[in-house]
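S.K.: Use the sequences and the hints to build the structure in full.
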Amino acid sequence: MALQLARKQRMQQCLRIMPEPDSLKADFVEEMDGDVPVLRFTGRLTLPRLDDLPRRLEALERPPKRIDLTQIQRIDTVGAWIVHKLATENEAKIVGLDANGQTLLRQVERSDKPVLMRPEPFSPFLRVLDEVGDATVIAAQTMLGLLSFFGAILVGTWSVIRNPRRFRMNAVIQRFELVGVKALFIVGLMSFLIGIVIAQQGAVQLRQFGAESLTVNLIGRITTRELGVLMTAIMVAGRSGSAFAAQLGTMKLTEEVDAMRTIGVSPIEALVLPRLLATTCMMPLLGFFSMIVAMIGGGIFCWLSLDIPPLTYIQRLREVIPMTDLWVGLTKAPVFGAIIAISGCFQGMQVKGNAEEVGLRTTSAVVQAIFLVIVLDAFFAVFFTSIGWD
Amino acid sequence: MNRDDPIAIRVRGLKNSFGPQVVHEDLDLDVRNGEILGVVGGSGTGKSVLMRSIIGLQRPDEGEVLVFGESMLDKDELEALDIRRRWGVLFQGGALFSTLTVAENIQVPLREYYPDLSESLLDEIAAYKVVMSGLPPDAGPKYPAELSGGMRKRAGLARALALDPTLLFLDEPTAGLDPIGAAAFDSLTQSLQKTLGFTVFLITHDLDTLYAICDRVAVLADRKVIGVGTIPELLAMDHPWIQEYFNGPRGRAATAAVDRNSETRA
Numbered sequence: 064m065a066l067q068l069a070r071k072q073r074m075q076q077c078l079r080i081m082p083e084p085d086s087l088k089a090d091f092v093e094e095m096d097g098d099v100p101v102l103r104f105t106g107r108l109t110l111p112r113l114d115d116l117p118r119r120l121e122a123l124e125r126p127p128k129r130i131d132l133t134q135i136q137r138i139d140t141v142g143a144w145i146v147h148k149l150a151t152e153n154e155a156k157i158v159g160l161d162a163n164g165q166t167l168l169r170q171v172e173r174s175d176k177p178v179l180m181r182p183e184p185f186s187p188f189l190r191v192l193d194e195v196g197d198a199t200v201i202a203a204q205t206m207l208g209l210l211s212f213f214g215a216i217l218v219g220t221w222s223v224i225r226n227p228r229r230f231r232m233n234a235v236i237q238r239f240e241l242v243g244v245k246a247l248f249i250v251g252l253m254s255f256l257i258g259i260v261i262a263q264q265g266a267v268q269l270r271q272f273g274a275e276s277l278t279v280n281l282i283g284r285i286t287t288r289e290l291g292v293l294m295t296a297i298m299v300a301g302r303s304g305s306a307f308a309a310q311l312g313t314m315k316l317t318e319e320v321d322a323m324r325t326i327g328v329s330p331i332e333a334l335v336l337p338r339l340l341a342t343t344c345m346m347p348l349l350g351f352f353s354m355i356v357a358m359i360g361g362g363i364f365c366w367l368s369l370d371i372p373p374l375t376y377i378q379r380l381r382e383v384i385p386m387t388d389l390w391v392g393l394t395k396a397p398v399f400g401a402i403i404a405i406s407g408c409f410q411g412m413q414v415k416g417n418a419e420e421v422g423l424r425t426t427s428a429v430v431q432a433i434f435l436v437i438v439l440d441a442f443f444a445v446f447f448t449s450i451g452w453d
Numbered sequence: 026m027n028r029d030d031p032i033a034i035r036v037r038g039l040k041n042s043f044g045p046q047v048v049h050e051d052l053d054l055d056v057r058n059g060e061i062l063g064v065v066g067g068s069g070t071g072k073s074v075l076m077r078s079i080i081g082l083q084r085p086d087e088g089e090v091l092v093f094g095e096s097m098l099d100k101d102e103l104e105a106l107d108i109r110r111r112w113g114v115l116f117q118g119g120a121l122f123s124t125l126t127v128a129e130n131i132q133v134p135l136r137e138y139y140p141d142l143s144e145s146l147l148d149e150i151a152a153y154k155v156v157m158s159g160l161p162p163d164a165g166p167k168y169p170a171e172l173s174g175g176m177r178k179r180a181g182l183a184r185a186l187a188l189d190p191t192l193l194f195l196d197e198p199t200a201g202l203d204p205i206g207a208a209a210f211d212s213l214t215q216s217l218q219k220t221l222g223f224t225v226f227l228i229t230h231d232l233d234t235l236y237a238i239c240d241r242v243a244v245l246a247d248r249k250v251i252g253v254g255t256i257p258e259l260l261a262m263d264h265p266w267i268q269e270y271f272n273g274p275r276g277r278a279a280t281a282a283v284d285r286n287s288e289t290r291a
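Chains as they are written, first to last, in this note's numbering: chain A, 64 to 453; chain B, 26 to 291.
Treat the hints with care, as some may be off.
[Claimed, not checked] 20 Å max Cα-Cα, derived SDA-like pairs, lysine to any residue:
(1) B/Lys167 / A/Glu419
(2) B/Lys249 / B/Arg111
(3) A/Lys88 / B/Leu142
(4) A/Lys176 / B/Pro166
(5) B/Lys167 / A/Glu194
(6) A/Lys176 / B/Lys40
(7) A/Lys88 / B/Arg111
(8) B/Lys219 / A/Glu172
(9) B/Lys219 / A/Gln136
(10) B/Lys219 / A/Ala203
(11) A/Lys415 / B/Arg177
(12) A/Lys415 / B/Phe122
(13) A/Lys176 / B/Leu147
(14) B/Lys249 / B/Asp141
(15) B/Lys100 / B/Tyr138
(16) B/Lys219 / A/Leu179
(17) A/Lys415 / A/Lys88
(18) A/Lys88 / B/Thr191
(19) A/Lys88 / B/Val74
(20) A/Lys176 / B/Lys167
(21) A/Lys148 / B/Gly201
(22) B/Lys219 / B/Gly59
(23) A/Lys176 / B/Glu144
(24) B/Lys167 / A/Glu420
(25) B/Lys167 / A/Leu179
(26) A/Lys415 / B/Ser173
(27) A/Lys176 / B/Gly159
(28) A/Lys148 / B/Pro162
(29) A/Lys148 / B/Leu142
(30) A/Lys148 / B/Ser173
(31) A/Lys128 / A/Met95
(32) A/Lys176 / B/Leu217
Derived from the structure by calculation, the hints contain no laboratory data.
M.R.: Structure below.
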């Protein structure tokens, strides 16, 4: 509403720049010629001069039988349309149009055909059914698509293993840099802060039991087992998973992917495998880095706030973190990396149609990746506990 | 704003460059009121850049562009708006808004400039524009992605015509259309131009379009307009590019087709 008002003001300002006499405004007078009601238009019967003319025409009390256009100064298709509609509604005769005007009117008359403006209305019940059905089909198709995409990746991997010359070293190294090296700063900063938060919150709770020194156990175990890798996965999904979807989606739109196929380059080998390999290899490294930095962050908090000196802190960490915790963290990392890459690339390859789709697919790539990572994390937690790595 | 001025667009001493690459230098061009001016030139001679400078999407380094006798360069947003609603532009790919349906696309300029129009009148206007630009009646609720290339151009034309412009810019309207579709688009442009009486600035590579509908042709080469005139006038010029363009194999074929048509008509 406010927007409309602003627009109106802007248009009024705009029109005020060129003040033109009121006589140019589209207007009409009603007359009687004998017993024939006549509607005489005056001024410019054009879109910029219409103003409230259509509304006033709707409110006519006496339907005109003749429409006189002798006194108009100009007419455009909108004016012609209004005249035409008025004439057909009231079966009125149009008089007084010059040759150009008549051609215009005829053109508009010819264009008066029933045209569908909006999709046919649906009953609400049918629409609910329709949407539920669509959603089901799409969910099933996504599952199937993901499965076949996974299959295609396996086939691609196998063919690269058989012909190692087809392995794209340069592309993989480039991805290593983009996914791994360039993420170091942001992952580091995030982990450092997370380490501080865990230490601080843990210390507050544990103080109630007088067990503040156990904060070290908390930091050490939770970062190695869970948070280091999980937070890194979320960060990588937001950073690289989304980038994969957007890159491949755009390439799909510009038909680059199709061009590749026709040249005989498999998009799976050229685009997907390097990304998959890069995230799978980089996730454990980034995850490990994240664990260490989080522990440093926590350690600094402990030092400053709980008076645990760094050397003691490190020694305590070595005592309380079992080696299996590190294995738990590092086993999960490559799996999470693979999931992020696969959902990013899969969503990217699903793009078709328009540019908006790229945005939608990028969003679903990130959502899907994070969701799957957390679901799998829950499974891993149960699994590792049940094999005794607790 | 002088309506009796015979020149709709006046370009003087235009210079455009992208970094070290100079596209236009000292370019002059006049587009007369009510004509269809074809603009031709090899790839990369800056036909689209010329159009973008005229419609104000590209700020030229030097020179002057007058549209309806008014300079577009020193205008503030409000004044420019008033001129802008008097022209329509059809971009190369149609440039339809992909999240809106065809009908909504056509209504965008109407809603923007005339927010007071009633919903029903907006629908009616969009409806006859759809038919007028040769789209099928069920095209209204479709999204651009669901349209073929030719239909997208027609929808783009319908949107360009939404405000009943007095000046129409067409950037390669027939590129990528099949010959039948291209010929239909040509005759559509011509018949609309005859009835609505607007001026057309038409960039094209299509020799058939030039012969079929253009009143005059401007040739872009060597960073400027090297010739403007009817095709016979251009043929009389001695520039190698013009000679090669009109007398190359494709040029001859187009001429032959025009001759055949006029014979069958006679």
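S.K.: All hints, please: hold or fail.
M.R.: Now the hints, each set against the structure:
Proposed proximity of B/Lys167 and A/Glu419 is supported: the alpha carbons are some 16 Å apart, at most 20 Å. The straight-line distance between the Cα atoms of B/Lys249 and B/Arg111 is roughly 27 Å, outside the 20 Å bound, and the hint therefore fails. Between the alpha carbons of A/Lys88 and B/Leu142 the distance comes to roughly 15 Å, so the proposed pair stays at or under 20 Å and holds. This hinted pair checks out: A/Lys176 and B/Pro166 have alpha carbons roughly 15 Å apart, not beyond 20 Å.
The straight-line distance between the Cα atoms of B/Lys167 and A/Glu194 is roughly 19 Å, inside the 20 Å bound, and the hint therefore holds. Restraint check: the Cα-Cα separation between A/Lys176 and B/Lys40 comes to about 47 Å, which exceeds 20 Å; the hinted pair is violated. The straight-line distance between the Cα atoms of A/Lys88 and B/Arg111 is roughly 17 Å, inside the 20 Å bound, and the hint therefore holds. Taken as a hint, the B/Lys219 and A/Glu172 pair is honoured in the structure, with Cα atoms around 16 Å apart against an allowance of 20 Å.
Taking the CA atoms of B/Lys219 and A/Gln136, the gap is about 19 Å. The hint holds against a cut of 20 Å. Simply put, B/Lys219 and A/Ala203 have alpha-carbon atoms about 55 Å apart, too far for the 20 Å limit, and the pair is violated. Taken as a hint, the A/Lys415 and B/Arg177 pair is honoured in the structure, with Cα atoms around 17 Å apart against an allowance of 20 Å. A C-alpha spacing of about 16 Å is found between A/Lys415 and B/Phe122, which places the hinted pair at or below 20 Å, so the restraint holds.
Proposed proximity of A/Lys176 and B/Leu147 is supported: the alpha carbons are some 15 Å apart, at most 20 Å. Between B/Lys249 and B/Asp141 the alpha-carbon distance is near 44 Å, which puts this suggested pair outside the 20 Å criterion. For the proposed pair B/Lys100 and B/Tyr138, the alpha carbon gap of about 18 Å is at most 20 Å, so the pair holds. For the hint linking B/Lys219 to A/Leu179, the alpha-carbon distance of about 27 Å lies beyond 20 Å, and the restraint is violated.
This hinted pair does not check out: A/Lys415 and A/Lys88 have alpha carbons roughly 48 Å apart, beyond 20 Å. Of the pairs offered as hints, the one joining A/Lys88 and B/Thr191 holds, with about 19 Å between alpha carbons and a cut-off of 20 Å not exceeded. Distance check on the hinted pair: A/Lys88 and B/Val74 sit about 38 Å apart at the alpha-carbon level, beyond 20 Å; violated. A C-alpha spacing of about 17 Å is found between A/Lys176 and B/Lys167, which places the hinted pair at or below 20 Å, so the restraint holds.
A C-alpha spacing of about 37 Å is found between A/Lys148 and B/Gly201, which places the hinted pair above 20 Å, so the restraint is violated. Among the hinted pairs, B/Lys219 with B/Gly59 is consistent with the structure: their alpha-carbon atoms are about 9 Å apart, no more than 20 Å. For a cut-off of 20 Å, the pair hint linking A/Lys176 to B/Glu144 stands: about 18 Å separates their Cα positions. Proximity of B/Lys167 to A/Glu420 is assessed by CA-CA distance (about 16 Å); at most 20 Å being required, the pair is judged to hold.
For the hint linking B/Lys167 to A/Leu179, the alpha-carbon distance of about 9 Å falls within 20 Å, and the restraint holds. Distance check on the hinted pair: A/Lys415 and B/Ser173 sit about 15 Å apart at the alpha-carbon level, within 20 Å; holds. Only pairs whose Cα atoms come within 20 Å are accepted, and A/Lys176 paired with B/Gly159 is accepted, the gap being roughly 12 Å. Taking the CA atoms of A/Lys148 and B/Pro162, the gap is near 18 Å; set against the 20 Å cutoff, the hint holds.
A C-alpha spacing of about 16 Å is found between A/Lys148 and B/Leu142, which places the hinted pair at or below 20 Å, so the restraint holds. Of the supplied pair hints, the one linking A/Lys148 and B/Ser173 is violated, its CA atoms being roughly 32 Å apart against a limit of 20 Å. With a C-alpha separation of about 10 Å, the suggested pairing of A/Lys128 with A/Met95 holds against the 20 Å cut-off. For a cut-off of 20 Å, the pair hint linking A/Lys176 to B/Leu217 stands: about 18 Å separates their Cα positions.
Going down the numbered hints, you'll see the structure goes against 2, 6, 10, 14, 16, 17, 19, 21, 30, while the others check out.
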